[in-house]
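**Student:** Keeping their order, the protein sequence lines are chains A and B. Each residue of the first sequence is one higher than the one before, starting from 1 at the first, in UniProt numbering. Each residue of the second sequence is one higher than the one before, starting from 1 at the first, in UniProt numbering.
Be aware that a few hints might be false.
Claimed, not checked - Below, in silico cross-link-like pairs of lysine-lysine (BS3-like), each with a Cα-Cα straight-line distance of 25 Å or less:
1. B:K279 / B:K245
2. B:K105 / B:K189
3. A:K105 / A:K204
4. B:K122 / A:K50
5. A:K109 / B:K245
6. A:K204 / B:K279
What the hints assert, rightly or not - Covered, in the sense of this in silico footprint (three residues per stretch, anywhere, with C-beta under 8 Å from a C-beta of chain A), are these stretches of chain B:
7. 189-196
8. 265-279
Rather than coming from a laboratory, the hints here were simulated on the basis of the structure. Even for Gly, the Cβ is constructed at its ideal location relative to N, Cα and C.
2 protein chains.
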Amino acid sequence: MAKKRGNAEVADLLRVGPGFRFDDVDPDATPGYDGDKNDGEKDLAAGLEKLSELQERLFAEAAVGEAREAVLLVLQAMDSAGKGGIVRHVVGGVDPQGVELAAFKAPTKEELAHDFLWRIEKRLPQSGFIGVFDRSHYEDVLIGRVRELAPAEEIERRYGAIVDFEERAAASGIRIVKVMLHISRDEQKQRLMERLERPDKHWKYNPGDVDERLLWDDYMAAYETVFERTSTDAAPWYVVPANRKWYARLAVQELLLGALQGIDPQWPGADYDIEVEKKRLSAS
Amino acid sequence: MAKKRGNAEVADLLRVGPGFRFDDVDPDATPGYDGDKNDGEKDLAAGLEKLSELQERLFAEAAVGEAREAVLLVLQAMDSAGKGGIVRHVVGGVDPQGVELAAFKAPTKEELAHDFLWRIEKRLPQSGFIGVFDRSHYEDVLIGRVRELAPAEEIERRYGAIVDFEERAAASGIRIVKVMLHISRDEQKQRLMERLERPDKHWKYNPGDVDERLLWDDYMAAYETVFERTSTDAAPWYVVPANRKWYARLAVQELLLGALQGIDPQWPGADYDIEVEKKRLSAS
């Protein structure tokens, strides 16, 4: 733990600022962390205990009290950048009863017949929960823009719609943490190659992954526009260098810890008379 | 692992047979397991690796193949028997992306306006998933019967409706494992007392828990009727002695392993030309 700086500092280092460019980010870097992989894995395990207690307090406050807070982690990335590993190793460590996970695929016909935020709104986390979006409404301004799935003016409209939507969600008590896991093109090539080489990974490979990869620069440009238009105080974007999986997991854990510490949930007091209940229970 | 018998044997020992009576079950026992708590915790960790791989294979088969199988774990118990611990320590160890958890509370007004199985059907697991019901449609013939929340003839109708419903779910590919965690009255008293004594547990205590506790014998009779009427080959009931939490977790893990081994999911083969894709990827 001594090797790790406080999470406020890590959040500051990773938060997207004005004029953000990917050229300024090294996907191999470990901003705010001086340790190596071994340290990182130990710190991840230690952080998990803190995260678990905070999650349980958040859940308890909403279950029996008036608390309305929730946390929403939005995960975006190019293929193979490690979203699944974050879900498994960061979020997967807390009590699944307090987690709501939503994986957004290509929209269905029914979903396409509604505004792009219709399916998203339905999956916002309840009070007391940690929600995780594995892909999100941002696909509608990422692949939506790169593949021209909607007219330019519709894409343009969506940035504002997203900002309004997220502000409303934040005002209702949801702390929103938006993370883009950033790997290099070379790293992606290696990871996709591994999927082709290992029979237990074949199912994770899709020929379409290479088609998207060929549009890498277009995607990076689309992400830069997303950051410029939608990184707000209510719902900031963080770009997490993700060539080192252990660092990305640690960094996202820090961001979640920061969000929960910001809420600072407390164990709710008893809304019954403890001594009376002890007597009733003893007599039963 | 040497101390543990095979899971087919554990399943046989725990499976509810004709004429089942709680009087014949010792909630302190550890059927099919000769080890102690330490052994049990080690075996749980070892079993988790097997469970994780089987879960991923199940998920993979449904994600890219034609496989339609899923697993559904139904958890029922008196308060404090450890349903939450099963979710946390048994199910919580596998990839959350392959788990669908549904906690059924007292039905809402909308739910009450439909047949009792309406809300249940909607939460059946998709192909490839492990679904978990934390309480279930069985509440409608347990508290429903004990508290007379519905007329006797309606309760009577429900047993048959449940059997039909579960047979249909099983025919669609869902392996159903129904577990009743069985603790003694004394054990429950201690666990509820702990909730009253620890400020971080106060939120888990509800004065209504003692009211239900006073109806213990009625609940046990209602469970015995449930077993008699709804334990079928398609959806068998298991009564798991649960005074020792470590044993209950190990036993439920064994039951889940058995269900998954019964499905025997395999890594799906590539539905693309691996060599062609390697070349495309290399050139990209």
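**Student:** Indicate, hint by hint, whether the structure satisfies it.
**Tutor:** Structure-based check of all given hints:
| no. | hint | result |
| --- | --- | --- |
| 1 | B:K279 / B:K245 | violated, 53 Å |
| 2 | B:K105 / B:K189 | holds, 23 Å |
| 3 | A:K105 / A:K204 | holds, 14 Å |
| 4 | B:K122 / A:K50 | violated, 35 Å |
| 5 | A:K109 / B:K245 | violated, 46 Å |
| 6 | A:K204 / B:K279 | holds, 18 Å |
| 7 | 189-196 | holds (count 4) |
| 8 | 265-279 | holds (count 8) |
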